[in-house]
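Peer 1: Residue numbers for the sequence shown follow my numbering, beginning at 7 and rising by one.
Just so you know, the hints here were simulated from the structure itself, not pulled from any lab data. Cβ atoms here follow ideal geometry from the backbone N, Cα and C, with glycine treated the same way. Please note that the accuracy of each hint is not assured.
[To be verified] Label-pair restraints from in silico Cβ distances: (1) His11 to Leu65: 10 to 20 Å; (2) Lys38 to Leu65: 25 to 35 Å; (3) Arg52 to Pro21: 14 to 24 Å; (4) Lys67 to Thr40: 33 to 43 Å; (5) Glu66 to Thr40: 13 to 23 Å; (6) Trp36 to Ile10: 12 to 22 Å; (7) Gly18 to Gly43: 28 to 38 Å; (8) Lys38 to Lys67: 36 to 46 Å; (9) Ala16 to Lys46: 37 to 47 Å; (10) Gly18 to Lys38: 33 to 43 Å; (11) Ile20 to Glu49: 17 to 27 Å.
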Amino acid sequence: IQQIHTFYIANGVIPVSGGSFGANLGACFWSKDTLEGVKKDKEGFRSLQKTLKMFIRFLEKE
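When you get a sec, could you build the whole thing from the sequences and use the hints?
Peer 2: Right under this line is the structure:
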């Protein structure tokens, strides 16, 4: 993960995740290869919500 962050930072991108507990890679959904699987993934939506909250906090600081 550190190498990925370094690549983005070196190219002017600021990586924002949902935090270290449950959303450290951002929003991730387990689809079970179907759209219906994505819709039922409560944990995926929780990670999306955490990531969006961190992104909003980042934007408010700027």
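Peer 1: Checking each numbered hint in turn, tell me which of them this model violates, lowest number first.
Peer 2: 5
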